[in-house]
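Asker: Each chain is listed here by its residues.
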Amino acid sequence: MVTESDIEHIAELADIGISKDEVPEFTTQFNAILDYFDVLDAVEGESAPAAGITNVFREDEPRPCLSQEEALANAGSTEDGFIKAPRVM
Amino acid sequence: MAGSLDFTPDDRCNAFITTCREAPFSDGALAGVAVAVKDNISTAGIQTTCGSRILEGYIPPYDAHVVELLRKEGAAIVGKTNMDEFGMGTTTETSAFGPTRNPADPSRVPGGSSGGSAAAVAAGLVPMALGTDTGGSIRCPAAFCGIVGLKPTYGRVSRYGLIAYANSLEQIGPMARTVEDVSRLMSAIARYDPRDSTMLDKPYDHRPSADIAGLRVGVPEEYFGEGVDPRVAETVRNAIGVLEDLGATTVPVSIPGMRYALAAYYVICTSEASSNLARFDGVRYGPAVDTRKSWHEAYQDLRLELFGPEVRRRIMLGTFALSAGYAGRYYAKAQVARRNIRQDFERAFREVDIIAGPTMPTVAFRLGEKTDPLSMYLSDILTVPANLAGIPAISVPCGRVDGLPVGLQLMGREFEDERVVDAAYAYEQGVKA
Numbered sequence: 001m002v003t004e005s006d007i008e009h010i011a012e013l014a015d016i017g018i019s020k021d022e023v024p025e026f027t028t029q030f031n032a033i034l035d036y037f038d039v040l041d042a043v044e045g046e047s048a049p050a051a052g053i054t055n056v057f058r059e060d061e062p063r064p065c066l067s068q069e070e071a072l073a074n075a076g077s078t079e080d081g082f083i084k085a086p087r088v089m
Numbered sequence: 001m002a003g004s005l006d007f008t009p010d011d012r013c014n015a016f017i018t019t020c021r022e023a024p025f026s027d028g029a030l031a032g033v034a035v036a037v038k039d040n041i042s043t044a045g046i047q048t049t050c051g052s053r054i055l056e057g058y059i060p061p062y063d064a065h066v067v068e069l070l071r072k073e074g075a076a077i078v079g080k081t082n083m084d085e086f087g088m089g090t091t092t093e094t095s096a097f098g099p100t101r102n103p104a105d106p107s108r109v110p111g112g113s114s115g116g117s118a119a120a121v122a123a124g125l126v127p128m129a130l131g132t133d134t135g136g137s138i139r140c141p142a143a144f145c146g147i148v149g150l151k152p153t154y155g156r157v158s159r160y161g162l163i164a165y166a167n168s169l170e171q172i173g174p175m176a177r178t179v180e181d182v183s184r185l186m187s188a189i190a191r192y193d194p195r196d197s198t199m200l201d202k203p204y205d206h207r208p209s210a211d212i213a214g215l216r217v218g219v220p221e222e223y224f225g226e227g228v229d230p231r232v233a234e235t236v237r238n239a240i241g242v243l244e245d246l247g248a249t250t251v252p253v254s255i256p257g258m259r260y261a262l263a264a265y266y267v268i269c270t271s272e273a274s275s276n277l278a279r280f281d282g283v284r285y286g287p288a289v290d291t292r293k294s295w296h297e298a299y300q301d302l303r304l305e306l307f308g309p310e311v312r313r314r315i316m317l318g319t320f321a322l323s324a325g326y327a328g329r330y331y332a333k334a335q336v337a338r339r340n341i342r343q344d345f346e347r348a349f350r351e352v353d354i355i356a357g358p359t360m361p362t363v364a365f366r367l368g369e370k371t372d373p374l375s376m377y378l379s380d381i382l383t384v385p386a387n388l389a390g391i392p393a394i395s396v397p398c399g400r401v402d403g404l405p406v407g408l409q410l411m412g413r414e415f416e417d418e419r420v421v422d423a424a425y426a427y428e429q430g431v432k433a
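Residue numbers (the UniProt record's numbering), protein chains in the order written: chain E, 1 to 89; chain H, 1 to 433.
I should point out that these hints are in silico values taken from the structure, not numbers from a laboratory. Beta carbons are placed, not taken as given, at the ideal position from N, Cα and C, and that holds for glycine. Hints are supplied without guarantee of correctness; some may be wrong.
Unchecked claim - Using 20 Å as the maximum straight-line C-alpha spacing, the simulated SDA-like pairs for lysine to any residue come out as follows:
1) H:K432 to H:I212
2) E:K84 to H:I59
3) E:K20 to H:L306
4) H:K293 to E:I18
5) E:K84 to E:Q68
6) H:K202 to E:I53
7) H:K370 to H:E226
Stated by the list, open to error - A few chain E positions that, by computed beta-carbon distances, are all more than 10 Å from chain H:
8) M1
9) T3
10) E4
11) A11
12) D21
13) E44
14) G52
15) N55
16) E61
17) P62
18) D80
19) G81
When you get a sec, could you build the whole thing from the sequences and use the hints?
Answerer: Written out as structure tokens, the structure reads:
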């Protein structure tokens with residue numbers, strides 16, 4: 001059972017903004033869905049890595065890629081050939 | 001033969017988000033064939049939105065591998081089709097660009113999430129379209145709109161350039177009015193690409209054959225159980241009878257892990273979505289964030305404004321399912337359930353060559369009918385097992401209930417896409433004759 005404050009906390013963790021009036025509805029929906037997920041409690045067995053499957057790597061060597069211009073083409077704000085982001089600190 | 005196609009469709013169903021008035025094409029196996037592409041597949045120079053405001057105006061600087069292949073085969077890319085936002089939905093109603101309507105009945109949904117692709121084909125606007133299928137998103141709209149749709153084996157078609165939502169489950173696949181056209185489109189897109197590291201080099205070069213004498217068809221009781229409209233079940237049983245008339249034998253089989261399939265699917269896909277959608281921060285693409293705000297504030301405000309409720313709900317569910325203290329209860333258990341279902345199919349496929357059942361438990365819903373998320377999720381019960389197991393599955397039209405199309409779903413062993421195509425082709429030719 002998750003509470004309204006849990007929902008606000010999860011939204012914060014996920015960096016998903018949530019408005020005050022959405023919280024009760026999301027909480028109700030979450031609880032209905034999580035109740036349904038409870039069926040998984042009855043699943044038997046342990047999680048084990050699949051047999052015969054390996055990671056696929058390639059050599060770390062330079063290859064053709066997007067130009068700086070192409071890489072910046074969709075950015076909302078740029079400055080001096082860089083992508084401009086909000087301050088982190 | 002190279003040239004340009006003039007494409008100005010009468011799009012009454014809202015099947016397209018973007019259309020290309022002049023679509024150039026070259027020589028090749030699909031020379032001049034109009035192909036519509038779902039809007040989560042990258043197309044160089046053509047807006048690609050994933051049905052979301054957060055990507056409105058995004059113009060990819062490169063083509064997805066499947067689009068490169070289509071262009072090489074001469075296809076004309078005529079537009080980008082409507083879809084549930086980021087592929088999250090079963091009706092195409094979660095699109096930020098308005099819902100698509102079902103050409104068979106405009107008061108009904110086309111299914112989802114590849115509803116735009118299915119409607120574009122069903123309305124006759126294009127002969128072929130690409131969709132993507134994470135939990136049934138090709139097969140569901142194919143069934144609801146009365147066309148053919150194939151979810152290939154996982155790893156048979158490159159996902160390079162597909163904007164990822166739940167990448168351990170999703171596949172790009174062909175949609176068309178006939179099995180033969182689905183097979184032609186599949187031949188064009190199933191070519192090895194080293195840029196998708198989950199891909200196997202097993203190109204599809206196949207012409208459908210209607211000879212299915214001796215084919216063993218498994219019929220799982222779980223596919224005809226609670227929640228399946230009895231009239232849909234009966235229509236599908238009659239279709240399986242047609243396969244028997246054509247020389248197939250039917251064998252009862254069981255997929256006991258089905259009871260956990262839907263919960264496992266939703267835990268896994270929301271978990272993957274919570275990670276995959278973290279990149280949509282309005283910094284590298286999409287509408288600009290307000291850089292005067294702090295990072296978290298700017299990020300949260302933008303995502304609240306530009307992601308729809310279903311996308312935000314799934315990101316939050318995934319974040320919760322992966323959080324410390326719950327990951328063992330949800331994510332780890334879902335992976336065990338997934339392995340069990342895979343083993344159920346492996347066991348069944350020792351007895352039979354293909355498995356048959358309905359694609360969807362009901363016919364198309366009315367627009368606005370499904371309002372709570374759980375009831376929408378429950379309608380995916382018959383399609384998600386194939387995604388969890390990674391096996392190929394096709395939906396082929398097999399009749400109508402209340403005037404609305406019903407889909408017969410045929411699933412096969414891993415990398416036996418050819419066999420499900422043949423079985424669907426045999427059925428289609430059998431009822432036509």
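Asker: Evaluate each hint against the coordinates.
Answerer: Structure-based check of each hint:
1. H:K432 to H:I212: Roughly 16 Å separates the two Cα atoms, so the pair holds.
2. E:K84 to H:I59: 19 Å, holds
3. E:K20 to H:L306: 17 Å, holds
4. H:K293 to E:I18: Measuring from Cα to Cα gives roughly 17 Å; hence the hint holds.
5. E:K84 to E:Q68: 14 Å, holds
6. H:K202 to E:I53: 17 Å, holds
7. H:K370 to H:E226: 18 Å, holds
8. M1: 12 Å, holds
9. T3: Since the minimum Cβ distance to chain H is about 12 Å, T3 (chain E) lies beyond 10 Å and the statement holds.
10. E4: Holds, because the least Cβ-Cβ distance between E4 (chain E) and chain H comes to about 13 Å, which exceeds 10 Å.
11. A11: A11 (chain E) not clear of chain H: closest Cβ-Cβ about 6 Å, inside 10 Å.
12. D21: 12 Å, holds
13. E44: Non-interface label fails for E44 (chain E): nearest chain H Cβ at 8 Å, not farther than 10 Å.
14. G52: Answer for G52 (chain E): holds, closest chain H Cβ roughly 12 Å.
15. N55: 8 Å, violated
16. E61: Given that every Cβ of chain H is farther than 10 Å from that of E61 (chain E), nearest at about 13 Å, it holds.
17. P62: Answer for P62 (chain E): holds, closest chain H Cβ roughly 15 Å.
18. D80: 14 Å, holds
19. G81: 14 Å, holds
Checked against the numbered hints given earlier, the structure breaks hints 11, 13 and 15 and satisfies all the rest.
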